[in-house]
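*Asks:* Since the structure of chain U is already known, use the hints to place chain C on it.
Number of protein chains: 2
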Amino acid sequence: MSFQLGENTLKVTPKLFAENRTRLIDELRKKVSHSGVVVLEGGKERFRYNTDFDDLPFRQESYFFWAFGVHESDCYGIIDIDSGKSILLPPRLHPDFAIWSGKIEPESWFLEKYETDEVHFNDKDTIRDILHRLNAQQILLLRAENTDSGSILEPAEFEGKDEFNIDITTLYPILAELRVIKTDLELEVLRYAVQIACDAHRTVMRNIQPGYYEYQMESLFRHTSYFHGGCRYFGYTCIGASGCNAAILHYGNQNSPNSKKLYDGDICCFDMGPEYNCYTSDITCSFPCNGKFSEKQKIIYNLVYEANQTVFKAAKPGVRWTEMHILAERIILKGLKDAGILTGDVEEMLEKRVGAVFMPHGLGHFVGLEIHDVGGYLGDALPRSSLPGLKYLRTTRTLKERMVVAIEPGCYFNDTLLDKALADPELSKYFNNEALKEYRGIGGVRVEDNVVIWENGNENMSADLPRTIEEIEAFMGKKDDNNNF
Amino acid sequence: MSFQLGENTLKVTPKLFAENRTRLIDELRKKVSHSGVVVLEGGKERFRYNTDFDDLPFRQESYFFWAFGVHESDCYGIIDIDSGKSILLPPRLHPDFAIWSGKIEPESWFLEKYETDEVHFNDKDTIRDILHRLNAQQILLLRAENTDSGSILEPAEFEGKDEFNIDITTLYPILAELRVIKTDLELEVLRYAVQIACDAHRTVMRNIQPGYYEYQMESLFRHTSYFHGGCRYFGYTCIGASGCNAAILHYGNQNSPNSKKLYDGDICCFDMGPEYNCYTSDITCSFPCNGKFSEKQKIIYNLVYEANQTVFKAAKPGVRWTEMHILAERIILKGLKDAGILTGDVEEMLEKRVGAVFMPHGLGHFVGLEIHDVGGYLGDALPRSSLPGLKYLRTTRTLKERMVVAIEPGCYFNDTLLDKALADPELSKYFNNEALKEYRGIGGVRVEDNVVIWENGNENMSADLPRTIEEIEAFMGKKDDNNNF
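So the sequences go chain by chain: U and C.
Going by the UniProt record's numbering, the first residue of the first sequence is number 1, and it counts up by one from there.
Going by the UniProt record's numbering, the first residue of the second sequence is number 1, and it counts up by one from there.
There may be inaccurate statements among the hints.
Since the list gives no way to pick out one identical chain from another, each pair is judged satisfied if it fits inside one copy or across any two copies.
[Said to hold, decoys possible] Pairs of lysine to any residue, SDA-like flavour, derived with a Cα cap of 25 Å:
{"id": "1", "residue 1": "K260", "residue 2": "Y233"}
{"id": "2", "residue 1": "K113", "residue 2": "N255"}
{"id": "3", "residue 1": "K420", "residue 2": "W109"}
{"id": "4", "residue 1": "K437", "residue 2": "D96"}
{"id": "5", "residue 1": "K479", "residue 2": "R48"}
{"id": "6", "residue 1": "K124", "residue 2": "P95"}
{"id": "7", "residue 1": "K400", "residue 2": "I174"}
{"id": "8", "residue 1": "K103", "residue 2": "L390"}
Don't read these hints as lab results, they were simulated from the structure.
These numbers come from a predicted model, not from an experiment.
Chain U on its own, in the form it takes in the complex (with noise of 0.2 Å):
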C-alpha cells in the first residue's frame, strides 16, 4: 500500500523501503558471521514536557523509518540476516486507542500496508521468542551517534535482551553509510520535496512585499508547502531573514521569531525545507523583498551565486567536500576584493581563514531523512578541523555517486564577527574598514541548491527556480492576482 496525502501528492511505495533493507542485509552477510538479527527500536511518542498533547503529531525516527518506512509510533523491526526475513512489530494497543486515535488495524493490515515477510504484536515476550526462534547468536543493535552535535539514539530495548549476544557497534557505520548512498527510489521522494520547497519559495518571491513580516511569509511558505504538497512537517524550523537578520544564520528561532517587518530595500535570505514522508528538502533563496536589487545587493549575490555554480560544476565523485568549501571561500574572497572591502592576497586570506568571517558556517551537508543527514564523518572523512569555518563542515568525504548534498555557500555581514576580525591585527590589515562600513547592515546572501553527485555530470534538483539577478528580478515583477492568503 502506497504512502500519498492527496491525489496529487507522491506516491511512495515501501518497496523503496524492502530495498533499503536488502541493501542492508547484503552488507552485513558481508561483515557478520551467520544468525546475526537486527532489531530496530522506532520513536516513541513524545509530548510537550509533562503533558499529554503536542502542536504536530510524532514522527518517526529516522534510521528506524529508512529500513521500514512505519509511520505509527512505538514500533519494533527484526531483521534476520540468514533469511533475508524481515518482522514488524507493531505495539498492542489499547482498546480505547478505537475511541481516541482511530480503528485498531489487525496484523494483516500492517502486512499489506508495509510489505514486511510478518507482522506481529509486541507483547511482552514476542521479540525474545521470535529472537530465539530465529536462533539468533549475535543481535546487532544500532547505537548512533550524531557526529554533529554528539548526541546519542541509544540502542533499542526489549525483554529478554540479557538472553543474548548483543553488538552495538557492528551496526551504526553499515547503517548510516547505506543512508549516505540514495536509491532511485529515494531520489523520486527526494526530488518530490525539493520541488514542493520550490514551488512554494516562489510563491513567497511572487507575492512578497515591503510591509509584510517575515513571518507571514514563513506562514505563506509553509502553507503552499501543505496545502499543495502534502508537507505537514518540515525538515527544519523556518528561516525567514531579512535586513540585517539575513546575517544570522539559524535565525527564526525562539529569539528571533520570523518576527521583523519587511522594508523596502531589505534582502530576503529564505531558507526553508519541507519534508515529504520523512525525507526533506533545504533550500535558500535570497532576494530583495521589493524585488529590485541595489547595487551592494548585486555585488555580494553575484559573488555568492558564482561560488554555488562553481562548486555545483567541481563536485564530482573523488573530490573532497574540504576542498570544495575552499572553492567557495576562494571565490567570495575574490568577489570581496574586486568590491574593494578585502584588500591583499587571496590565498594568504584563504590560509588566515579571512573567509570564515564571511562565511562561518560550512558550505553544506548531506541531505536525505534529515537536513543534516549522517554519515558526514564516516567513510574516507577527515578528522573536524579545529579552524574557523572548516570546524563546522558537516562532512569532510570525497563525494561519491547518489550522495545528496546541500550547496550552500553564503556571504554575511555580520557584526559580532566583522568587529572581532578588526580588533585583530592579523586579519584587519586585509579589510577596508571605509568601504566595509558601506555594506555593514545589508545583512547576507546564501543560495542554496540540493544537488545528487553524478559521474556524468550533478543533478540540481532545484533548478527550477529563478537564480540570476535577471531572473529573479523578472519572476518578482510578474506579481500573482488576487492573492488574499
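*Replies:* Chain C in isolation, oriented as in the chain U frame:
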C-alpha cells in the same frame, strides 16, 4: 518590553507575569515560614531524536512561562518570598551563538524585556551564590504531576542543591491552583487566541467544499492563524475529521493524518486551536462540508448544540463539573430517544452509562497555557471515576469565577463502541438497531466553546462563530471571492 508579533497582533505586557509572581508570593506567605525561596527551571531546547534540529523552535515550559513570561530556553528563575524579589537567570551563551542564532544580549536587555528585579547570567555557582545571599532556609521546587497522564515534571537541578533544605511538595498545588484562576491580563491573551481561532474556523467554513482533502483545510486554518494572528504554535494537533472520521476523537494523528478527501454529504468535525504567547484556544466547529445539513445531521447537531448551550447557562460558580457532564449526557440521550435511536428511560440509561457510548470523552477541561490545563484534580475535586465516559473527565471540581473551561459536548457513531454496546445485553436493550443503522457512518458532531466562568453569567469567548444550523448554512452560503490559497 511587550511581546508582539506584527503590529496587528496583541501586545502582551511583562506585567502579566509580574502579577502572577505577586500572586504566588502572596499565597506562599500564607503557607510557608519565612526565608523560603522558589527556584524554577525553564524548558531546555530539544531536538528530534539525536539530531540537532526540529520543525518548530523551542516552546517554553508552561509553569515557568506563567511565572516569568520568558521565551528563551535554558533559563532559571528565583523568587524570594521574604523580599518579594524575582531574579531571572538566562544561560551564558557560547560566543558562537552570535553567528548562529543572533546577537548575544546583555543582562540589561533581559531586565528591560522581562521586568524582573534582577538578571544574572547563570554560571556554575550563580544559583547557589544567590540562594546563600538570600539566606534561604527552605528551597521550594516544583514537582508537577499531570493529572491526566500521570507524567511528572521533575524539580529543578542546580549546582549546590544539596547544601539547602529542599521542599518539592508545597509549591505544586499552590502554583497549579493559581494557574486555574485566570487574571484579567491572562484573559486578555486567551480572548485573543480564541478570536484568532474563530477567524480561522470561519475562513475554513467559507472556503471548504467537497473535493478538498482534510489536510488542506488544516493548512488553511494554520495559515490563517499564523499569517493574520501571529500564532506560530498550536495548542494541539489539528483535528480535521470528516465523514466517519468525525467519530474518532483525536483524529489527525500519525495514524490518521487528516488524509481523507471531503465528499459531498460529509460532516466535518474540526477541532483546532492556535496558541498566542503560549496561551491556547481549543475550539471545535461541526458543519457539513457542502454547506447544507442533511436531516440526520441536523438531528445530531441540534442535540449536541442544545447540550452545549444548556451547560453554558448552567455552569455557574459552585456547580460541580461532573454534574455538567451528566446534564449534557441527559440532553444527548433524550435527543437520541426522540430520534428513535434509543428507547427506554433516560435516567436509567444515564445510570447504565449509555451516554458514554455516544460521548465517550469528558465534557471539557480547563484551558490556559495548555489545552488540557492544570489543576483539574486539585481543590475540591472528587476522585477520578472508573465509569465509562466519566473516567475521562479532566476535572471533577466545582466551578469558580475566572476558571476558563472548554465546553465540548459531542455525539459520535463510533462502530467499535456501538458494536460493543450492542453485544452487551445490559445496554443493547436501549438501542433501536434499525434506526441506529441509518446513522452509522455519519461520523459525529462536537460543539466546543471556550468559556470564562463569571458570577453574573458566563462569557463565551468563542461567541463570534456561526453556531445554529441556520447561521451555519447562511454563513457557508456566502463563499469568499478569489480564494487562491
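*Asks:* Now tell me, hint by hint, if it's right for this structure.
*Replies:* These are the hints, each one checked on the structure:
1. K260 <-> Y233: This pair counts as both: shortest intra-copy Cα distance 24 Å, inter-copy 18 Å.
2. K113 <-> N255: between (42 Å within a copy, 12 Å between copies)
3. K420 <-> W109: between (61 Å within a copy, 22 Å between copies)
4. K437 <-> D96: Result: close only across copies, 23 Å inter versus 65 Å intra.
5. K479 <-> R48: neither (40 Å within a copy, 37 Å between copies)
6. K124 <-> P95: within (17 Å within a copy, 49 Å between copies)
7. K400 <-> I174: Answer is within: at 16 Å inside a copy they meet the 25 Å cutoff, but 61 Å across does not.
8. K103 <-> L390: between (52 Å within a copy, 22 Å between copies)
Consistency with the previously given hints fails for number 5 only.
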